[in-house]
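**Q** Listed below, chain by chain, are the residues.
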Amino acid sequence: MGVADLKVSDNPHDILVTYALGSCIGVAVFDPVSKVGGLIHFMLPDSTLDPEKAREKPAMFADTGIPMLFKSCYELGAEKKRILVKVAGGASILEDSNYFRIGQKNIMALRKIFWKNNVLIAAENMGKNCNRTVRLHVGTGEVCVRIPGEEMIKL
Amino acid sequence: MKTMDRILRSIKNIPAFPATAQKVAAVMGNPDYSITHVVNIIKFDASITANILRIANSAYFGVRRISSLHDAVVFLGQENIVRAIQVSGISKYFKKASGYGLNGPELWRHSVGVALMTQIISRKISGREDTKLFTAGLLHDIGKVILGEFVDDSIRRINGLVNDHGYSFIRAEEEVLGMNHAEVGGKMAQQWNFPQDIRDSITYHHRPDLMEKGENLFCWIIYLADQVCLMAGVGGGADGLAYWGLKDVIEILKIRQKDVEMGIIELLKDLESAKELIEII
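Protein chains in written order, with our numbering: chain R, 119 to 273; chain F, 2 to 282.
These are calculated hints, taken from the structure and not from any lab test.
Just so you know, these numbers come straight off a predicted model, no measurement behind them.
No residue lacks a Cβ here, since even glycine has one placed at the ideal position from N, Cα and C.
Keep in mind that a hint or two might mislead.
Said to hold, decoys possible - Some but not every residue of chain F turned toward chain R, in silico, with C-beta under 10 Å: (1) E80; (2) I156; (3) R157; (4) N160; (5) L162; (6) V163; (7) Q228; (8) K248; (9) I251; (10) I253; (11) Q258; (12) M263.
Let the sequences and hints guide you as you build the complete structure.
**A** What follows is the structure in structure tokens.
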């Protein structure tokens, strides 16, 4: 999967992967009953920045991409109350400014959206200054986060 | 042998920069240059010729269906032909490189991303593109080509300093290896006789604030382009985003948060249209 991309699947052999998140965030969702999984790699918090782009590529922004991720899962038979949400990414440059805050802004936008929609985050690995790769095994719902030079983390 | 001596020896042993690229840049520096003259220099270099034809057909340059070197030189124009030649020459060094948890093509993708981002920033602040900046963008992380294997051998110690002691990645490189990748890159560019401003922008690309006062806008643009690519995850590796954010960049480049975010959107589009530049290796 690329940046500003979204995929859903109910094929148990599929593994959805997104690489080098940087300040972007990967949201992995999974319904253990219907075995439907989905992953989004969004880049920016707010679609009001460029509404035209948001229509063309909704997965670019948190506020247009996350609802679309859930809807796409419902279409394959997932139900909201059963969906498990795991998130990773949102890294930041080392602090010396109140300027380069795309990572923090992404994290805040994500929490706000889930808060408003009564969705709990089951597990997360966000912030700090590392790059993360996220894998979702659609067959099992297992989510793994890989940081270069470190052990694999199971969320 | 000490690690630093081994690094210095690797810099000395790096193959010379392709003579064709240097010659073309020199000829095109003369306003009365002839296209035939340029074609005659390039055509004896089969690998650069093949690369130029591939790059010339990239949507990024906005031309289509170029099948001869002569057409490439005519339709691309001076600035883009120089860019195509630099892409061809510099990409060679990334081919067999690895390090920072990445392979050569991934390190190269980051370099192209930064080069494209410098043009987005340049268009924003001055209304025009700048081929020298593009070249500096392609070269900014060239030091990683040499330092990569040393970094990977010591990644746990380096990560330890970054994660537990608040070091930036380049300071951790200095502490563990004796040199950082920006310094190594500056020395390589010196060996290849690149001009002073390009050398400086490589050496200081993480710390433009440490440069002597003067005309150093160039270096701040490379710095910001690199930071934006790291945030957007364009070729991000084991060093992650562990570099200092310098808020002076807002004042110096007169650029706002919104410009940076719009720049990221533009970057994604340019990365797509410039995929021939990325796939050249």
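**Q** State the violated hints by number, sorted upward, taking the hints as numbered earlier in the document.
**A** 1, 5, 10
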